[in-house]
Amino acid sequence: MSVAIIDYGVGNLRSVQKIFERIGSAAAITGEAEDIRAADALVLPGVGAFRDAMARLSEHGMVQEIKRAVLDDKKPLLGICLGMQLLAQESEEGGAGEGLGLVPASVRKLQVAGKLNPLGRKLTLPHIGWNEVRPKPESILFRGISEGSDFYFLHSYRLVCDDSGMIAASCEYGETFPCAVERDNIFAAQFHPEKSQEPGQRLIRNFLEHCERGAGQA
Amino acid sequence: MIKVRVIPLLLLKDGLLKKPVRFRDPRTVANPISIVRVFEVRQVDELILLDIGCAAHNQNVNPKIVRMISEELTVPFACGGGIRSVETMSGLVAAGAEKVVINTAAVDNPDLVRAGAEKFGSQCLVVSIDALRREDGSYEVHTGNGSRPTGADPVAWAREVERLGAGELLVNSISHEGMMQGYDVGLIRSVADAVDIPVIAAGGAGKVEHFAEAVLDGHASAVAAGSIYHYTRTTPDMVKQAMAKAGIPVRL
Numbered sequence: 001m002s003v004a005i006i007d008y009g010v011g012n013l014r015s016v017q018k019i020f021e022r023i024g025s026a027a028a029i030t031g032e033a034e035d036i037r038a039a040d041a042l043v044l045p046g047v048g049a050f051r052d053a054m055a056r057l058s059e060h061g062m063v064q065e066i067k068r069a070v071l072d073d074k075k076p077l078l079g080i081c082l083g084m085q086l087l088a089q090e091s092e093e094g095g096a097g098e099g100l101g102l103v104p105a106s107v108r109k110l111q112v113a114g115k116l117n118p119l120g121r122k123l124t125l126p127h128i129g130w131n132e133v134r135p136k137p138e139s140i141l142f143r144g145i146s147e148g149s150d151f152y153f154l155h156s157y158r159l160v161c162d163d164s165g166m167i168a169a170s171c172e173y174g175e176t177f178p179c180a181v182e183r184d185n186i187f188a189a190q191f192h193p194e195k196s197q198e199p200g201q202r203l204i205r206n207f208l209e210h211c212e213r214g215a216g217q218a
Numbered sequence: 001m002i003k004v005r006v007i008p009l010l011l012l013k014d015g016l017l018k019k020p021v022r023f024r025d026p027r028t029v030a031n032p033i034s035i036v037r038v039f040e041v042r043q044v045d046e047l048i049l050l051d052i053g054c055a056a057h058n059q060n061v062n063p064k065i066v067r068m069i070s071e072e073l074t075v076p077f078a079c080g081g082g083i084r085s086v087e088t089m090s091g092l093v094a095a096g097a098e099k100v101v102i103n104t105a106a107v108d109n110p111d112l113v114r115a116g117a118e119k120f121g122s123q124c125l126v127v128s129i130d131a132l133r134r135e136d137g138s139y140e141v142h143t144g145n146g147s148r149p150t151g152a153d154p155v156a157w158a159r160e161v162e163r164l165g166a167g168e169l170l171v172n173s174i175s176h177e178g179m180m181q182g183y184d185v186g187l188i189r190s191v192a193d194a195v196d197i198p199v200i201a202a203g204g205a206g207k208v209e210h211f212a213e214a215v216l217d218g219h220a221s222a223v224a225a226g227s228i229y230h231y232t233r234t235t236p237d238m239v240k241q242a243m244a245k246a247g248i249p250v251r252l
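Protein chains in written order, with this note's numbering: chain A, 1 to 218; chain B, 1 to 252.
Quick caveat, the hints were computed from the structure, so don't treat them as lab data.
We put the CB at the ideal spot given by N, CA and C, even for glycine.
A portion of the hints provided could be inaccurate.
[As the list claims (entries may be wrong)] Now the in silico label distances, taken between C-beta atoms and shown as ranges:
(1) B:Gly247 <-> A:Arg143: 29 to 35 Å
(2) B:Gly247 <-> A:Glu147: 19 to 25 Å
(3) A:Arg143 <-> B:Met238: 48 to 54 Å
(4) B:Glu71 <-> A:Asp72: 44 to 50 Å
(5) A:Glu34 <-> B:Thr232: 53 to 59 Å
(6) B:Glu160 <-> A:Gly114: 21 to 27 Å
(7) A:Arg134 <-> B:Met179: 41 to 47 Å
(8) A:Ala38 <-> B:Met179: 57 to 63 Å
The following block holds chain B by itself, in its conformation from the complex (with noise of 0.2 Å):
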């Protein structure tokens, strides 16, 4: 039977990891080939790599690090950061990268999912979500890192994206990034349950009783984390352990 996959996620800038708390003051941790080695060896299922440092300064991932980073990994590894463009995806997975990860262009340019679906096949193409709660308990997706409103819903704007052709959806909830407090259940579950894609859950996870939660109640398909595993001393195996004591089925 198909296993839960337990992801670390890794926030890259200027060719060094981070990790933002609520998306704003990101803290140095490491070099970024060092710790992807760390997690190799922990047979981690897959791992996210995400430039942040992109959006902003109009660049776009650095293929090098993608080409260092997939020499070291005997797992998938999808990787964003900025992509706008079909030439720059495909940049990316000739360097390594089996999935490209894609967030604000496709808000901007919603055909861009289309255009990467067709020529790399759905399965390559992560289309990510950041939304805010916000104090009536709706939720609103933004861009840039956190920083652009887009009014949109993010339940609809995930159906949509699904019809365009994503294979994979990474809904991060931003009030919860960072925190260590869990993930948001409710926002994961709400885009879980409307689409037919797989859903990996990100942004919260602070105990490993959390991500059978997000698993359980938020029936996400795969766990994304950064900070618990940066942060303490739990390990991606610690994770699965806590899970498959819950009836989740994983890889160990």
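Chain A extracted, bound-state conformation (with noise of 0.2 Å):
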């Protein structure tokens, strides 16, 4: 069972790796094709602007790889935080621009003008901290995760899921967003699970056992 995480120039890896490896598995970071190819499952990170890490993934050719690994080989894929963003068909941030498209889904920036947190002081963005996470009771990547688990959040920008049965997890800042999604082998968080603690190492745990699952029946 190899994983392969998607080096494309952006964001922090080793954390990325380093949770892979505190619950016994090795996940390879990777920038090449050939590995991409031969890999069982993928993880696409992701820290900065939507824009240029479209710019970067076709500078890298890693488009048409990811596209091919997860429309044609159906190989499970697991993005995170812009991760995620970037599955989407677009993006508003910095101007409009084409994504992954592998959902059919779209990023804009979450909406808290005029909305107050809980102590009665206004919203900040980015959305920076702790905050809670509601699981679908059928999803794969919040098995064995309570209603209510913490999970770290660093973004601006949301997904809007055309296909609401995608949705596996939802969390509130300002509006309801959603927070994770599931759709047939394309797994995505806009948390970092690899810096939530015991939950987001939970979900590490589950995408992984669910690749092998997956494995074992090919």
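If you follow the hints, you should be able to join the two separate chains into one complex; please do so.
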């Protein structure tokens, strides 16, 4: 069961690799097309800005590789943070930009204007910190993770899903937004599971076990 | 709902943790890795590491130390200390920091804020503001670990860096820092009320009660502290329990 963490020059990949190590699994960081083709499962991390990330994915020849792996080879893919947003068809961040188009969704800014936190203070952006997640009972990613568990968020933009059936969990910050999606072999989380202590670790383990079950049936 | 974050602030110099009182006479505390491990087990919400030797010696934060610390943590951490370029920021993010903190360089070269936000996203960029209270009650931003007055007002400067793209502010009172007599709530609130980005309060926490003040009166989104964790038996968990009792949402 080989996992490849896609390196396209953006983000802190070592933290993602580390969480796989913590649960006793090796995940390789790679930017090579052949490694992506050889891997059983993929992780698409991401930090920073949507357009810059898409440009880098293109530069590194990753766009077609990822589409092939996910749509043709049906490999499980886990998108994290910006990696989740990149799966969408488009994002309004930095002016309109095209995403990978792997899920029927778009990306827009979190609407917090005029909204207050529980202490009566205005909500600030970016959405930074620990916030509660409400998973759907049938979710694979959240198996064994209690409703209301806190995960660490660090973002200003959110996914808008055309297909609400793909929403695996939601979170509330000024508005309710999907913080995790699951659709066939595509999984993604808006928060950082690699920096969310036990619940994050459990989520990664759930993803891995799902991949292993799938591989066993192949 | 979003939780208020409790964040230990670690000051590093020559590879060791230091605890300066009022920005002078740093006292040695301990090996950073062992302290980081303790905080990891104590489930802090986040960690901030600042290398205070850097600005003075024109050095950069050592990426090796950043990597070692990142390996120990399953919570995010921000690091800073003498960062003057986007390249340095890249190195620290690659080494494992979720966010970078800039202070003096932002004042000397405000375009760095814009450039850093553009490359990494605002959420990765924390601008740290050290302010000294003047006798007339007004405040002045200082750089170089509090040694250089800039003539700037912290509220005006905060608005400017927000406009340039900072995602978060770390607001520190020079006169309160290390004294453990409480945060400068007035300073924190004046900045927090003026911007729409989160403010991390720093400087002065000495008792568990101080933290709730920084949130309820100071309007901070997160509370950072150093001395209280180093010199007293207070733990981040005790701080959270006290804040919860005061009605503040925290991750327990």
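Against which earlier hints does the structure fall short, listed by number upward? 3 and 4
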